[in-house]
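If you read the protein sequences in the order shown, they are chains A and B. Sequential numbering from 64 applies to the first sequence in my numbering. Sequential numbering from -2 applies to the second sequence in my numbering.
Where hints are given, some of them may not hold.
Stated by the list, open to error - Using C-beta positions, here's what the derived DEER-type ranges look like:
#	chain 1	residue 1	chain 2	residue 2	range
1	B	Arg182	A	Arg104	22 to 28 Å
2	B	Val78	A	Ile119	46 to 52 Å
3	A	Tyr253	B	Gln236	44 to 50 Å
4	A	Gly233	B	Val149	24 to 30 Å
5	A	Pro178	B	Arg29	37 to 43 Å
To be verified - Below, computed lysine to any residue pairings styled on SDA-like, alpha-carbon distance capped at 25 Å:
#	chain 1	residue 1	chain 2	residue 2
6	B	Lys237	A	Gly118
7	B	Lys237	A	Glu103
8	B	Lys237	A	Arg104
9	B	Lys237	A	Leu116
10	B	Lys237	A	Thr151
11	B	Lys237	A	Gly112
12	B	Lys237	A	Met111
13	B	Lys237	A	Leu108
14	B	Lys237	A	Thr102
15	A	Lys212	A	Asn156
16	A	Lys212	A	Thr151
17	B	Lys237	A	Met113
18	B	Lys237	A	Leu109
19	A	Lys212	A	Phe147
20	B	Lys237	A	Leu114
21	B	Lys237	A	Arg188
22	B	Lys237	A	Phe106
23	A	Lys212	A	Arg188
24	B	Lys237	A	His105
Just so you know, the hints here were simulated from the structure itself, not pulled from any lab data. Glycine included, C-beta positions come from ideal geometry on N, C-alpha and C.
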Amino acid sequence: MHCAIVGLQLISDVRGGGAIRNGKNTRAGLIILVMFGLTERHFNLLAMGMLLLGGIWIAASRLAPSDLAQAQAAPQTGFLAPQFTLETLSGENITLADLRGHPILINLWASWCLPCRAEMPAIQRVYDRYRDQGFTVLAVNMTLQDSRKAAEDFVNEFGFTFPILLDVDGQVASLYRLRALPSSYFVDAYGYIQEVVIGGPMDEALLASRVEQFLEASQ
Amino acid sequence: MFPILQIGSIAIQVPGLILLAGLWVGLTLSERLAGETKRQPMRPGEVSNLALLIRLAAALGARLGYVLRFPSAFELNPWNVLSLNPGLLDPWMGLTAVIVAATVLAERKALPARILVDVFTPMLAVLSAAWFLSSLASGNGYGLPTALPWAVDLFGAGRHPTQIYDTLAAVLILVTLWWQRGSFRLGEGRLFFVFLAFTSASRVFLEAFHAAGAVLPGGWRANQILAWLVFALSLWVLQKPRKTQGT
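Given the sequences, and given the hints that come with them, work out the whole structure.
The structure is reproduced here in structure tokens:
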């Protein structure tokens, strides 16, 4: 209530204007001070006060080391990538945690998704170029919404060599809160998601530049 | 979070849609402001033309900056230089290009830079609000965990709804400046620097509730320090004409 009264007073001050312009009204808030101005001395005093308060606030709101580490997993930039273990098309099991130390692109896709089909060859070219430096791709097929046969046909048609994982029961779709296909997650060597790209297709340049950044950061 | 609007087989990026809508609303307000002033330092049509040229310069500069930063990334497919992907832009080079383009255009049209920045302030204020609203849609710029009753459950914890704080602050600044626009003499640059002062002050305060963002050694938040410096600069500029006019 008090705020509302002060607010009304401020509005009335703005409309009246004159007293403030003459530098006699010291009650008005920052808006009026800046817009209409008090005397130079009052303005300078207020400016110094605001800057000092700002400095104190910045110092008081510094992040503690415990705030810096987002220890929990979530499908969002800055968080640990949610863990999963899935079977690949060739029958072996891959666990995300086992790849710690490598920058990874997790790409969620389906064979019927046109942007997914469009970006896969670009992903292959980038994989070919950077895999010797430790970069890897986990292409997770949304098998629950697709079919193993369709995924296999698509992979064979283009000859992709990176691991193709099968999300048969929707585990990864649920963990990564899948909203649209394709969805891509750039995970750094420490297991943290550095960027999320929802939708596509991604260009080679986007993929390559991100991979270069993460490779550089992991060295 | 509402990053994608799925209409049939088409997936529309909601954050991008919000930014485009913000650009349109902002340009409309800037044109209206230019048309409202008695001296009409710029014709409303001129505002759109200038905005188009500046946007073009921003896009070219930002893309050029990105190509220069990651030249080898474009070796696989050099046509990607022409890609429409916003992820291939360098924001700092884009900002530099905007400043250079605005300076050159202002000089060619014999318009003082102060007029230019004043006229485009409503556009910047709307874009600022649109930016934070787009963060709400994308889930970026999330807050620190809190036990406050208005915390939102996000990424496994109750968090400060920072995107809502930020959007509200930006809308408040926009509404205040638009409501008080008659109090400014367009072309003095004060409208722009008041906007800058309010926005940077709000960033100093609100960044404290953010969980994401660059952090310097010792836990200092880079965004807060940058905002504090911009706030100091704005106050210094706002105080300056008062000295010369002796009021």
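Has the given pair, Lys212 (chain A) with Arg188 (chain A), been kept, meaning a C-alpha gap of at most 25 Å? Given pair Lys212 (chain A), Arg188 (chain A) holds - Cα atoms ~24 Å apart, limit 25 Å.
When you check the alpha-carbon spacing of Lys237 (chain B) and Gly118 (chain A), does it fall within 25 Å? holds, 22 Å
Given the hint that Lys212 (chain A) pairs with Phe147 (chain A), does the C-alpha gap stay at or below 25 Å? holds, 22 Å
Given the hinted pair Lys237 (chain B) and Arg188 (chain A), is their Cα-Cα distance within 25 Å? violated, 57 Å
Taking the beta carbons of Gly233 (chain A) and Val149 (chain B), is their distance inside 24 to 30 Å? holds, 26 Å
Regarding the pair Lys237 (chain B) and Leu108 (chain A), is the alpha-carbon distance no greater than 25 Å? Holds - the C-alpha atoms of Leu108 (chain A) and Lys237 (chain B) are around 14 Å apart, at most 25 Å.
Would the pair Lys237 (chain B) and Leu116 (chain A) pass a check requiring their Cα atoms to be no farther apart than 25 Å? Holds, at about 22 Å.
Assess, step by step, whether the Cα of Lys237 (chain B) is no farther than 25 Å from the Cα of His105 (chain A), and give holds or violated. Given that 25 Å is the threshold and the Cα spacing comes to 14 Å, the pair holds.
Is the hinted pair Lys237 (chain B) and Met113 (chain A) satisfied, with a Cα-Cα distance of at most 25 Å? At roughly 17 Å apart (the allowed maximum being 25 Å), Met113 (chain A) and Lys237 (chain B) satisfy the hint.
Starting from Lys237 (chain B), check that the Cα of Phe106 (chain A) is at most 25 Å away, please. The given pair, whose Cα atoms are some 11 Å apart, holds under the 25 Å limit.
Distance restraint between Lys237 (chain B) and Leu114 (chain A), which requires alpha-carbon spacing of 25 Å or less: holds, 17 Å
Between the alpha carbons of Lys212 (chain A) and Thr151 (chain A), is the straight-line distance 25 Å or under? holds, 13 Å
When each numbered hint is compared with the structure, violations occur for hints 10 and 21.
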